Each structure stands twice: as structure tokens, then as C-alpha cells.
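Make the full structure from the sequences, and use the hints.
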Amino acid sequence: GENVEQHPSTLSVQEGDSAVIKCTYSDSASNYFPWYKQELGKRPQLIIDIRSNVGEKKDQRIAVTLNKTAKHFSLHITETQPEDSAVYFCAASNGHDYKLSFGAGTTVTVRA
Amino acid sequence: SQTIHQWPATLVQPVGSPLSLECTVEGTSNPNLYWYRQAAGRGLQLLFYSVGIGQISSEVPQNLSASRPQDRQFILSSKKLLLSDSGFYLCASISGVRGYTFGSGTRLTVV
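So the sequences go chain by chain: A and B. Residue numbers 1 to 112, in my numbering, belong to the letters of the first sequence in order. Residue numbers 1 to 111, in my numbering, belong to the letters of the second sequence in order.
In case anyone wonders, no lab produced these hints; they're calculated from the structure. Predicted, not measured: the structure shown is a model, and the values here were computed from it. No residue lacks a Cβ here, since even glycine has one placed at the ideal position from N, Cα and C. Where hints are given, some of them may not hold.
[To be verified] Selected chain B positions facing chain A (Cβ under 8 Å, derived; list incomplete):
id: 1; residue: Asn32
id: 2; residue: Leu46
id: 3; residue: Pro69
id: 4; residue: Arg72
[Unchecked claim] Computed Cβ-Cβ distance ranges for the label pairs, DEER-style:
id: 5; chain 1: A; residue 1: Val54; chain 2: B; residue 2: Ser84; range: 39 to 49 Å
id: 6; chain 1: B; residue 1: Ser57; chain 2: A; residue 2: Ser18; range: 32 to 42 Å
id: 7; chain 1: A; residue 1: Asn31; chain 2: B; residue 2: Ser1; range: 16 to 26 Å
id: 8; chain 1: B; residue 1: Ala40; chain 2: A; residue 2: Ser18; range: 23 to 33 Å
[Claimed, not checked] Listed below are the simulated DSSO-like cross-link pairs for lysine-lysine, each with C-alpha atoms no more than 30 Å apart in a straight line:
id: 9; chain 1: B; residue 1: Lys79; chain 2: A; residue 2: Lys42
id: 10; chain 1: B; residue 1: Lys80; chain 2: A; residue 2: Lys99
id: 11; chain 1: A; residue 1: Lys58; chain 2: A; residue 2: Lys22
id: 12; chain 1: B; residue 1: Lys79; chain 2: A; residue 2: Lys99
id: 13; chain 1: B; residue 1: Lys80; chain 2: A; residue 2: Lys42
id: 14; chain 1: A; residue 1: Lys57; chain 2: A; residue 2: Lys99
Quick look at the structure:
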């Protein structure tokens, strides 16, 4: 099955700086890559996603890049704010029954 | 848009007791439904999923089971809980082309 690895496990950044989280996947048939944000004790919320027919997608301060050849994708958060502090999960799916395989998560702390 | 109702929100159960967690979905029909478990400080592990009534696929062998008695109802059960069953259980539904919608989760502590 699909194996998704996520790095780093923890990330501390100064407010206003950028944060980058990287994920790799094993199944070359994977074609959908969402990112979720989970605040403490809450449900994960979709923040951005990308499909394999594009290499980059941006939504305000958040962007995701995808390198299908290398089988890795990254989340970029610019101009970080304290409310960006949360756990972020990457995931991948090859479309079969729409199952998602998740990375282990990155705890992001934005220092004021 | 979809709404997922999940209950109870928290649960403390003794080892060896039974378990029943329920998830219902509003705002869609014939959804794919998923049960995930999140151990403390860990990622999300897929336990079961269902593509239709009575259709259950198991991803991880364990003492849990799932059932889908109605189109928008998904139930996670156990006959005898283990300490290792503690965690945050999340129900999810596929939301068109925009990925999963998650329920609010059940925090289960087995004591």
C-alpha cells in the first residue's frame, strides 16, 4: 500500500517567517495530495490540495508544490502568524475508493 | 455541503467492555465513509472504509469491526476493548472532489 513520510515532525518559526513541510510518497499511481490542519483537540480541516496534473497551487499565504518524478510534495506557509500554530498532515491517494494515506504530522509553532 | 455527526465526543471505558461509536452524514447520498484512529501525537491510521450499504473493507486486523446498516450511517464496534484501543476516532466522508470532511471525533480512553 501507499506509504507517506513527512518531515520535519516539529517546526518552530518566528512570526513573519516562512514554514516548509515536506512529504514523500511511495505509490507512483497516487494522483491526489491534500493537506490538513488540525488544532488541538479538533478535527482535521482541509487547507489546500493538489492533483497530479499540476505542479504548484497557491491560496493566499499557502502554497503546495508537487514533483511527480521524485514523488514528493511540499507545503509552504509564508508570513506565518500565531494562528498558523497547529499540526499539519499531508496525505496521498491513488483514487482507489478515495482512500487517503496520511503522513505522521508536523507540529508547527509560530513564535510571536 | 456535507455535515458529519459523530458521538459521543468523549468516552471512558474499562478494558474488556464493548464499544459502539456512531457516525451519520447529512447533505449527500451514497458517500464513501471512513473510520480513522489517531493515537496521541501520531498520524491518522485508516481502520475501515465503506463504499456502500453492507460493504466494509478492513485495513488493519484488530479487535474492532465496522458496519454500515444505512446509506449515511457508519458504526465502529468492539466486543472487548483493549488498552491499545485508546485514541481519537474520526469518521470521514468523501466530499466530492474536495477531499474528506471529518466528523468532530470521539476521544476514547480505555482504563
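### Task
Return the numbers of the hints above that this structure violates; sort them in rising order.
Violated: hints 3, 4.
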